[in-house]
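Based on the sequences and whatever the hints tell you, model everything.
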Amino acid sequence: MSKNLLFKVLVALCFVAAAVLWILSAADIIAINMSWAIAVFAFVLGALFIGKGLFSRNVGTFKKLNILFGAVFVVAGVLALVGTFIEESLVLPIIALIVTLAVLLCILATGGRKWDQGDNDNAGYKNYWQRKKEKEEQEKNRDDKDE
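So the number in the numbering used here is just where the residue sits in the sequence shown, counting from 1, plus 12.
Hints are computed from structural coordinates only; laboratory data are not their basis.
Fair warning: this is a prediction, and the values are worked out from it, not measured in the lab.
We put the CB at the ideal spot given by N, CA and C, even for glycine.
Misleading hints may appear alongside valid ones.
[Stated by the list, open to error] Pair ranges (Cβ atoms, derived):
#1 G136 - A108: 24 to 30 Å
#2 I106 - A31: 47 to 53 Å
#3 N45 - L18: 28 to 34 Å
#4 Q150 - V111: 38 to 44 Å
#5 L36 - V103: 25 to 31 Å
#6 G63 - Y140: 29 to 35 Å
#7 P105 - Y140: 16 to 22 Å
#8 I41 - V103: 29 to 35 Å
#9 L77 - A24: 46 to 52 Å
#10 L18 - Q150: 24 to 30 Å
#11 G136 - D156: 24 to 30 Å
#12 F97 - L77: 49 to 55 Å
#13 N16 - R143: 42 to 48 Å
[Unchecked claim] With a cut-off of at most 27 Å between alpha-carbon atoms, the simulated DSS-like pairs for lysine-lysine come out as follows:
#14 K157 - K144
#15 K76 - K20
#16 K138 - K152
#17 K157 - K138
#18 K157 - K147
#19 K145 - K157
Structure representation (structure tokens):
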């Protein structure tokens with residue numbers, strides 16, 4: 013089984029679990045606080061996306077997007093818990109902590125390297141005009157030697 017398939021199956025199972033909890037709660041079979049269920053759902057999805065961003069072998073941009081998308085889910089989980097046991101005065105500091113941790117994880121996941129480097133960033137790179145001028149000088153030197 014591929015890692016990508018495992019990720020997709022786990023995300024789908026999170027949605028199935030959330031739907032089952034919603035059905036059981038709507039049918040009055042179990043009494044559940046929906047804000048807790050939404051928070052757990054968001055935290056699990058956030059953990060899955062952050063894990064995918066950290067451990068996948070993708071381009072750096074996709075790793076960063078997965079980590080940031082996971083951080084958005086974690087923030088959604090925190091917002092779902094506001095009023096239950098998280099005070100409103102703590103929401104912004106917690107969100108700031110999550111965002112800064114996501115940025116740190118983005119740096120760690122990509123190793124701080126660029127995934128693509130243009131030729132002009134290489135040492136000793138000469139552009140078209142510099143190469144053309146050099147070629148003309150070489151031809152001029154050849155012509156001078158031939159005479």
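A quick look at each hint next to the structure:
1. Distance hint check for G136 and A108: the Cβ-Cβ separation is about 44 Å, which falls outside the suggested range of 24 to 30 Å.
2. Under the hint 47 to 53 Å, the C-beta atoms of I106 and A31, about 28 Å apart, miss the expected range.
3. Checked against the hint of 28 to 34 Å, the pair N45 and L18 passes, with Cβ atoms roughly 30 Å apart.
4. Range check, Q150 to V111: about 55 Å between beta-carbon atoms, so the 38 to 44 Å window is missed.
5. As the Cβ distance of L36 to V103 is approximately 29 Å, the hint placing it in 25 to 31 Å holds.
6. Taking 29 to 35 Å as the suggested C-beta distance range, the pair G63 and Y140 does not conform, at roughly 46 Å.
7. Our hint of 16 to 22 Å for P105 and Y140 is violated, since their Cβ atoms are close to 53 Å apart.
8. For the pair I41 and V103, the supplied restraint of 29 to 35 Å holds, since their beta-carbon distance comes to about 33 Å.
9. Roughly 20 Å separates the CB atoms of L77 and A24, a value that falls outside the hinted 46 to 52 Å.
10. Against the hinted window of 24 to 30 Å, the Cβ-Cβ separation of L18 and Q150 comes to about 58 Å, which falls outside the hint.
11. Hint check: G136 to D156, Cβ distance near 26 Å, so the stated range 24 to 30 Å holds.
12. Checked against the given bound of 49 to 55 Å, the beta carbons of F97 and L77, roughly 31 Å apart, lie outside it.
13. The hinted range of 42 to 48 Å is satisfied by N16 and R143, whose Cβ atoms lie roughly 43 Å apart.
14. For the suggested pair K157 and K144, the alpha carbons sit about 20 Å apart, so the restraint of at most 27 Å is met.
15. Note on K76 and K20: the hinted pairing holds, with a Cα-Cα distance of about 18 Å set against a maximum of 27 Å.
16. Restraint check for K138 and K152: satisfied, since their Cα atoms lie roughly 20 Å apart, inside the 27 Å limit.
17. For the hint pairing K157 with K138, the CA-to-CA distance comes to about 26 Å; that is within 27 Å, so the pair holds.
18. Proposed proximity of K157 and K147 is supported: the alpha carbons are some 15 Å apart, at most 27 Å.
19. Pair hint K145 plus K157 holds up; C-alpha atoms about 18 Å apart against a cutoff of 27 Å.
Consistency note: the structure conflicts with the earlier hints numbered 1, 2, 4, 6, 7, 9, 10, 12.
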